[in-house]
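Build the complex from these two chains, which are given one at a time in their own frames, with help from the hints.
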Amino acid sequence: MAGLLISRRNLLLGAGGVLATSGLLMRMTWADDLPRGGRLVVAADSEPRTLNPAIVASNGVFFIASKVIEPLAEAMMDGEGGLAPRLATSWEGAEDGLSVTFKLREGVTWHDGAPFTSEDVAFSAMEVWKPLQNLGRVVFANLDTVETPDAHTAIFRFSAPTPIQLIRNALPVVTSVLPKHLYEGTDIAANPANNAPMGTGPFKFAEHKPGEYFRLVRNDAYWGEGLPKLDEIIFRVLPDRAAAASALEAGEIQVAAFSQVPLVDLERIAKVPGLKVVTEGYEALTYQLVVEINHRNEILADQSVRQAISHAIDRDFVVDTVFLGHAQAATGPVPQNAPQFYNPDVKPYSFDIERANALLDEAGYPRGEDGKRFSLRLLPAPFFSETRQFGDYLRQALGKVGIDVTLVNNDTPAHLKAVYTDHDFDLAVGSPVFRGDPAISTTILVQSGIPDGVPFSNQGGYANAELDTIIDQAAETIDTEARTALYNDFQRIVVEDLPLINVAEWGFTTVASDAVLNVGNNPRWPVSSWADTALAS
Amino acid sequence: MNRALTLTRRRVVSSIPVLLIVIVGTFLLLEAAPGDAVDAYLLSLGGGDAGLVAELRQSYGLDQSLVKRLTLYVGALLRFDLGWSVAFDRPVLDLIAERLPNTLWLMGAATALAFSLGSLLGIVAGARPGSLTDRALSIGSLALYAVPSFWLGLVLVLVFAVDLRWFPTAGIETIASGKTGLARVADIAWHLVLPVSALGFIYLALFLRMMRTGMAEAWRQDFVLFARARGLARRRIVLSHVARNALLPLVTMLGLQAAAMLGGSVVVESVFAIPGFGRLAHEAVSGRDAPLLTGIIIVSAVLVIVVNLLVDIAYAALDPRVGSGEASS
Chain A
1 MAGLLISRRN LLLGAGGVLA TSGLLMRMTW ADDLPRGGRL VVAADSEPRT LNPAIVASNG
61 VFFIASKVIE PLAEAMMDGE GGLAPRLATS WEGAEDGLSV TFKLREGVTW HDGAPFTSED
121 VAFSAMEVWK PLQNLGRVVF ANLDTVETPD AHTAIFRFSA PTPIQLIRNA LPVVTSVLPK
181 HLYEGTDIAA NPANNAPMGT GPFKFAEHKP GEYFRLVRND AYWGEGLPKL DEIIFRVLPD
241 RAAAASALEA GEIQVAAFSQ VPLVDLERIA KVPGLKVVTE GYEALTYQLV VEINHRNEIL
301 ADQSVRQAIS HAIDRDFVVD TVFLGHAQAA TGPVPQNAPQ FYNPDVKPYS FDIERANALL
361 DEAGYPRGED GKRFSLRLLP APFFSETRQF GDYLRQALGK VGIDVTLVNN DTPAHLKAVY
421 TDHDFDLAVG SPVFRGDPAI STTILVQSGI PDGVPFSNQG GYANAELDTI IDQAAETIDT
481 EARTALYNDF QRIVVEDLPL INVAEWGFTT VASDAVLNVG NNPRWPVSSW ADTALAS
Chain B
1 MNRALTLTRR RVVSSIPVLL IVIVGTFLLL EAAPGDAVDA YLLSLGGGDA GLVAELRQSY
61 GLDQSLVKRL TLYVGALLRF DLGWSVAFDR PVLDLIAERL PNTLWLMGAA TALAFSLGSL
121 LGIVAGARPG SLTDRALSIG SLALYAVPSF WLGLVLVLVF AVDLRWFPTA GIETIASGKT
181 GLARVADIAW HLVLPVSALG FIYLALFLRM MRTGMAEAWR QDFVLFARAR GLARRRIVLS
241 HVARNALLPL VTMLGLQAAA MLGGSVVVES VFAIPGFGRL AHEAVSGRDA PLLTGIIIVS
301 AVLVIVVNLL VDIAYAALDP RVGSGEASS
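Chains A and B are the protein sequences, given in the same order. Reading the first sequence from the start, the letters are residues 1 to 537 in the numbering used here. Reading the second sequence from the start, the letters are residues 1 to 329 in the numbering used here.
The shape of chain B in the complex, shown without the other chains (with noise of 0.2 Å):
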């Protein structure tokens, strides 16, 4: 526990000048892309006045310096406020809380998916390294990690929503169904089995791969000649023996798919029209929201700590070598 205590003190310590950085670095990203604020909000206003633009740069605070509008938001940053985002006239806190449920309920399955789906064909293909079923297994895993995951939620629509109608093609949820409770969260379930199935899929493949390769290598391993030597049920030498070792790099993986992920519900999101994180850093980037993006950025990279730090936490817990290493650093 006292382990687990110091890793996240030091992690804490340590990200905030990461913080800093990150946002210093989105404010000067954005404002070195061309057009602002008001500029992406023109286009949907179709037609002004040079009177109307003035005042809209003036009512949003753009006509200030960036050094102004960069410590304003710092500043406020202090004070746990993330600011008013300009693309949607709203508090940025609002619109990341109303989102990031979705994401990580949309994450968080696909993850489960992957990882339990993944290593569990891993330790079948990893059983009998160069039989047919690894083969096929590897075959067909590197051809879904080949496919771009809005290609295969496409694919997936088409099938299951359109042509068979199991599922329904977008959304989160019934649109204004009253469902409440438990027929609420089986509503939401149904709705994202195509999703964290376009998305898990993908990462699955990782998994998969990566536990048949931490297999095929455990079987040349000194203890494992040495259980099959013993006697050992071929059963219990991969579950207990080759499959354990294999599984720990799984566990780093695990953590650093927490961040590529968020990459990748972008698209799922946009193809499922998921209201979620991913499509909302993609609003902000084009609607040039400074605030809004820099919001985000800070939240994922809470997120990213926050994952692997449980990470390292779970790894500590799997491998005593671990913990002894990190003290003596």
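For reference, chain A alone in the conformation it holds in the complex (with noise of 0.2 Å):
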């Protein structure tokens, strides 16, 4: 059955060529012959504290949350910019940037039967996006109100010129709409509709067990045609990684998404018959792997010490060994997969063990009599396995340039506390996410003035006029054309100056069962909705 539909599928990927459909229209077609019905289990490594995705718009949240409340669009590999409408379905920028106009879907409902309407997106702009979501809080910084001439049309007016490139880039991850029937007038912190979440998307919140699973059943009133297919998921808690495994070996679960299978396992799992390992669906969501350096040491604030460390530095091996193959080498602060910023002309400093010991020497910190230069406090991220890992690499790979690195391991608050609040550290190993576009999370890490105590930000104290203002300029460049350039000019300074190493960029993997179909098949896939996710019987 999953032979036939697979070729099937390409037929009609075949077929698209020449006919020229839409992304869209191809994906229904295919949907209508997807089997419907059957559980499915997905292992979840931990459990999210909220299922407010307006709130919290992290991953941890959206990989159970987005199956039920929906953004105004979701990321798609050949939509039209990159998206698919899913609540909104177009959005227009005011060509002074002051404004944009959302058509909203019509005849969508909540999961309690009342009408969703351009209020709900109103409410869920000015009362959660902007005050309590903590990406929200950025991108609609000078959002003003919210207009809604009709039920069906929400229009941002925002105070300061805004790029229609950034909301756009931004939509799939801070616009998660909430019901403002059940939150109006309420402490929206602390709704309880946040454990048990209601929206309008293909799976409804059925129960949470502490510990054990999450349980969502299909929404029979989705907006979505002949949508979704599967009857039910469930969320399992496995906290172990090697319990995912074994459980997935065992038929127990049919998923498990965000690498929880680990890597060095993967080889020997994907020889299991019948589990496969998919590395589509995390195109959107690339971490970078990045040296954090604190300026305020004297040392590393002269510019070829840090070109120094970037020399010494084999990215490919790094590639090779920490991540076994299942990453790339960094050349900036944009990762290569995302298209629309990423300026391949820029390239970063390359291995070059000799260069980085004439920079040193050059620099004034000529080797003492036990061969080494100065020392220096390394704290990896605990992030993931592979950001301790690195730092493992990172101390060897600079002994041999003769800096003398001291490894210092911390738990995940010890960690942030002293890199991001007390500054106590010389390099730090950091994995900082891409979001879709430069100004949601990545120019915060080489910005100047942040105040203590913003984790993921740059708290290395670095300062650089020029990058300063070019980072203002794209805040307020409406042509998208200019807008890019700027973000072009800004990797460039990046690299070059290095305020902080790009090393590597990631993305993880999925393993599950070949019973699951459609698995990885949009570039937010573990946290988008699922709606064509299906179970071959």
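No lab work stands behind these hints, which were simulated from the structure alone. Among these hints, one or two may not hold up.
Said to hold, decoys possible - Simulated restraints, written as ranges between beta carbons of each label pair:
#	chain 1	residue 1	chain 2	residue 2	range
1	B	Tyr145	A	Pro273	33 to 43 Å
2	A	Ala190	B	Val306	34 to 44 Å
3	B	Leu104	A	Asp424	37 to 47 Å
4	A	Asp422	B	Ser59	49 to 59 Å
5	B	Gly263	A	Thr321	27 to 37 Å
Note that the coordinates shown come from a computational prediction; the quantities given were computed from them, not determined experimentally. Just so it is clear, CB atoms sit at the ideal spot from N, CA and C, and this is done for glycine as well.
Written as structure tokens, this is what we have:
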């Protein structure tokens, strides 16, 4: 059955070129052929404290909540502008950059049967995204009002010109719409619906058994025709990574996303009959491996020392050994799979130990009698096994050019405090996420004047007036081409001056049963709605 | 019965200052660890601005001084209110009430397994010290005791869950099965077989060794010699003279094990994804959640005190010298 479907799909893909049908139409045709029904059991490595993606826009929350609560638009590989419509069917920015008009989907109802209208969008934007949401506070900082001329139109008005490019790129992440009638007049942050979400999505929240599972059930009144395909999705809490691999092999779960099966086990598990390893579906969720630098340390404030460090890192070796090939060497602060912004002309400092040694000699740090030039403290983030392993590698790599590195390993709260509040580090290994647009959480990594205690921001005290100007200009540049050009410069300067060092960029892997269809078919797959995910019987 | 009451009262009174020290100590220790509950939470947020971080600290009262937080907490405790968990954003009491039964089942079953099978095998080994059976059991138990419980758990999962598929790999019961009554009990028991084995077998070795040593010593006692001289059947000597005497220290051990097993269950609960007390404690530490961790420690302390009290009462019943000794001291 599965084989038959896949060959049908290939046929349709081939025909697509000739017919030049839109991607959406093609997907819908394909969706009609999918089997219906079944329970999908998915591994979840932790339980998010809230399930409200409008307040906490993070992958951990989206993983479960994105099936229940929908954004205005979702990412899509071949969609127009990289987007697929969800609750909004179109979005248009005014020429002066002061407003964006959204046309909203008609005939959509909330899970309790109430109609979805522009009031819900206006409420979510003004009362939740702008004042409460971790990322929305940045994107919608200049949002003044949301007008609702009719039930299916929402006009966002800004106090300062806001690039439509930024809004568009931010749509999948920051625009989860909440039902106004459940939240209005309550303490939004403490609303019980944050833990039992209600939305317009293909699945309805059914129950949460703490420590065991979350259960979602099919929404029969979903607006997508013939969707969703599954009857039920269960997110089973499996904190131990080995437990997830065993449960997959024993057939107790069908999907483990976000590399919950560790890289070292992938080769073995790929050979288990009935299981497949899928690397697609993370294109818009790129994590970056970076060396964060404390510029308050006067040695590191010297550009040639930073260049020497960059020359000392063998990026290809890191990709091959730390990531076992499941990553790409980074060239700069924008990942390769963000084609809208990626500047291919920027090349990082090559791996060149001789050059690194020469630079350090010239900078006035000759080797001492013990072969060491100076000492640094390195704090690898404990977030991923890869960030820790890269810390070990960096210590050795820098040792080869005479830099004596002491590793300081902390757990998560201690690491965040040491790096982002106390600045008690020389080098740190971090893992920021590229979220579709440099303005969302990339420029903050190098911008000056960030107050203490802001996580995943420039806490190294780096300041570069030229870079700051570009960042400020890009924030208000309406013209998409001009804005893209600014970010091309941004990449050039960051790679040259090295406020931080980009080493690698990686997506995750999904291990799934062969019976699960449409795995990884959009660039944010694990955090998308799964309306077209199906189980072959 | 009177003796039991006196014992209980004395234990309760003496445990109050201990609990107070534990509460203050836990607060101070978590305070000394770098980072607070908001730091721990920030990773899951994945980013935010300065205002957000300050607002979060304020809303959880983390911007207040340690003394103020401690006073508020102890004040609430006096009203039997265990406080609010920052990491889970729920009342501590609810969390504990939800998780404790799972761990009690796990620990209870593992202890029963370790104690019964351990002492039984100990009797077999100690019946003929130095025999081939004795040596085989001794070596086997030593090897078992040297194995970490997580490793044993993983091996059990690979063999009995992944390869043979006799038991589920993880969890406390079948997910959303809608089972009730006896069917549910059977389901939970089926899920507990592997984790109970992983936890129980390690302590089994301990009981086996103790029983065996106790018996080997008893064989040299005068009353055993006398019994042998009287020409009693070997079987009878082993059971009612040697084994009975060797059993007493095992009962003491049972009380001590209650505390150790609570620690061991952290690992087993993680490997088998059982939403228990041990895993909750782990989450409380990594979330820098002082009220939750303190609540867990208080409940654990009470649990250990109760178990030890029960053991003492049982001991007094088994050995009349215990009660009289305590009365005179």
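Each hint, compared with the structure:
no., hint, result
1, B:Tyr145 to A:Pro273: 33 to 43 Å, "holds, 38 Å"
2, A:Ala190 to B:Val306: 34 to 44 Å, "holds, 36 Å"
3, B:Leu104 to A:Asp424: 37 to 47 Å, "holds, 42 Å"
4, A:Asp422 to B:Ser59: 49 to 59 Å, "violated, 22 Å"
5, B:Gly263 to A:Thr321: 27 to 37 Å, "holds, 36 Å"
In summary, the structure is inconsistent with hint 4 from the numbered list given earlier, while agreeing with all the others.
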